[in-house]
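Chemist: Protein chains in written order, with UniProt numbering: chain A, 1 to 97; chain B, 1 to 97.
One or more hints might be untrue.
[What the hints assert, rightly or not] Pairs of lysine-lysine, DSBU-like flavour, derived with a Cα cap of 30 Å:
{"no.": "1", "chain 1": "A", "residue 1": "Lys16", "chain 2": "A", "residue 2": "Lys32"}
{"no.": "2", "chain 1": "B", "residue 1": "Lys10", "chain 2": "A", "residue 2": "Lys32"}
{"no.": "3", "chain 1": "B", "residue 1": "Lys10", "chain 2": "B", "residue 2": "Lys53"}
{"no.": "4", "chain 1": "A", "residue 1": "Lys10", "chain 2": "A", "residue 2": "Lys32"}
{"no.": "5", "chain 1": "A", "residue 1": "Lys53", "chain 2": "B", "residue 2": "Lys32"}
{"no.": "6", "chain 1": "B", "residue 1": "Lys53", "chain 2": "A", "residue 2": "Lys53"}
{"no.": "7", "chain 1": "A", "residue 1": "Lys10", "chain 2": "A", "residue 2": "Lys53"}
{"no.": "8", "chain 1": "B", "residue 1": "Lys32", "chain 2": "B", "residue 2": "Lys10"}
[What the hints assert, rightly or not] For the chain B half of the interface with chain A, some residues (derived, Cβ under 7 Å), not all of them:
{"no.": "9", "residue": "Val41"}
{"no.": "10", "residue": "Ile46"}
{"no.": "11", "residue": "Lys53"}
{"no.": "12", "residue": "Ile58"}
{"no.": "13", "residue": "Leu59"}
{"no.": "14", "residue": "Asp60"}
{"no.": "15", "residue": "Asn65"}
{"no.": "16", "residue": "Glu66"}
{"no.": "17", "residue": "Thr68"}
{"no.": "18", "residue": "Ser69"}
{"no.": "19", "residue": "Arg71"}
{"no.": "20", "residue": "Tyr76"}
{"no.": "21", "residue": "Ile80"}
{"no.": "22", "residue": "Met82"}
Just so you know, the hints here were simulated from the structure itself, not pulled from any lab data. Computed from a predicted model, the values in this text were never measured in an experiment. In this text, a Cβ means the ideal position worked out from N, Cα and C, and glycines have one as well.
There are 2 protein chains.
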Amino acid sequence: MSAEVEEMLKRFQNVKNVVGILVVDNDGIVIKSTLDNQTAVHYAGIMRTLTEKARQVILDLDATNEFTSMRMRTSYFEIILMPQDNYIIVVIQNPCD
Amino acid sequence: MSAEVEEMLKRFQNVKNVVGILVVDNDGIVIKSTLDNQTAVHYAGIMRTLTEKARQVILDLDATNEFTSMRMRTSYFEIILMPQDNYIIVVIQNPCD
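With the sequences and hints as input, model every part of the structure.
Modeler: Structure (structure tokens):
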């Protein structure tokens, strides 16, 4: 993982509402996480599947287009997905004020 | 569809960056659209599938939680999904400045 990404993760960790960060490779394996191990593994597989679905959906709409990021709101928290070439960055945060 | 939603759709149509609006029922049928018919039908099925996937993913993480909305960025445009009880509102917009 590049120094640039390490730096970005540090910045996210200092954001007030962020409650967890996860980096997952394209096989759904946890590379880095601030979550407990069981939660991280649970999230990793699910977020990898969702990223693949989003990529596929965007390609289905236009084969020259590319999925670049997603912000998903739920009743309890927000999930931000940022797919890179070889891994996916997942940020879990409380809703912004 | 309630008057409240009709009003919301009107507001979206007047937003500078919005290029298309679609309302899809839970079977993937187009209820309302500003897109041409073929594009609307194509988006409807895909957006319904993606919404179902997002709902399922959030329930898999926590059965008491609920998916409420999604903003997806792509190389060309953004897609906003807002699931309601009986239909899904889809807004397609150019990236904000």
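Chemist: Does each hint fit the structure? Answer for all of them.
Modeler: Against the structure, the hints:
At roughly 20 Å between alpha-carbon atoms, lysine 16(A) and lysine 32(A) fall within 30 Å of each other, so this suggested pair holds. For the suggested pair lysine 10(B) and lysine 32(A), the alpha carbons sit about 44 Å apart, so the restraint of at most 30 Å is broken. Annotation: proposed proximity of lysine 10(B) to lysine 53(B) holds, straight-line Cα distance about 28 Å (limit 30 Å). Between lysine 10(A) and lysine 32(A) the CA atoms are separated by roughly 12 Å; this keeps the pair inside 30 Å, and the hint holds.
A C-alpha spacing of about 25 Å is found between lysine 53(A) and lysine 32(B), which places the hinted pair at or below 30 Å, so the restraint holds. Pair hint lysine 53(B) plus lysine 53(A) holds up; C-alpha atoms about 8 Å apart against a cutoff of 30 Å. With a CA separation close to 28 Å, the supplied pair lysine 10(A) and lysine 53(A) stays within the 30 Å bound. With a C-alpha separation of about 12 Å, the suggested pair lysine 32(B) and lysine 10(B) falls inside the 30 Å cut-off, and the hint holds.
At a threshold of 7 Å, the smallest CB-CB gap from valine 41(B) to chain A is about 12 Å, leaving the interface hint violated. At about 5 Å, the closest approach between the beta carbon of isoleucine 46(B) and any beta carbon in chain A falls short of 7 Å, and the interface hint on this residue holds. Restraint check, lysine 53(B) versus chain A: the minimum CB separation of about 5 Å is within 7 Å; hint holds. Nearest Cβ of chain A to the Cβ of isoleucine 58(B): about 5 Å, under the 7 Å cut. The hint holds.
Taking 7 Å as the C-beta contact cut-off toward chain A, the hint placing leucine 59(B) at the interface is violated, the least distance being around 10 Å. The beta carbon of aspartate 60(B) comes within 6 Å of a beta carbon in chain A, closer than 7 Å, and the hint placing it at the interface holds. Look at asparagine 65(B): its Cβ gets to within about 5 Å of chain A, closer than 7 Å, so that hint holds up. Interface restraint check for glutamate 66(B): the shortest CB-CB distance to chain A comes to about 5 Å, inside 7 Å, so the restraint holds.
For threonine 68(B), the suggested interface contact is upheld, since its CB lies about 5 Å from the closest CB of chain A, less than 7 Å. Checking serine 69(B) against chain A by beta carbon gives a least distance of about 5 Å; that is within 7 Å, so the hint holds. Interface hint at arginine 71(B): satisfied, since its Cβ lies 5 Å from the closest Cβ of chain A, which is below the 7 Å cut-off. Interface restraint check: tyrosine 76(B) against chain A, minimum CB-CB distance 5 Å, threshold 7 Å, status holds.
Interface hint at isoleucine 80(B): violated, since its Cβ lies 10 Å from the closest Cβ of chain A, which is beyond the 7 Å cut-off. Checking methionine 82(B) against chain A by beta carbon gives a least distance of about 9 Å; that is not within 7 Å, so the hint is violated.
Hints 2, 9, 13, 21 and 22, counting from the list given before, are not met by this structure.
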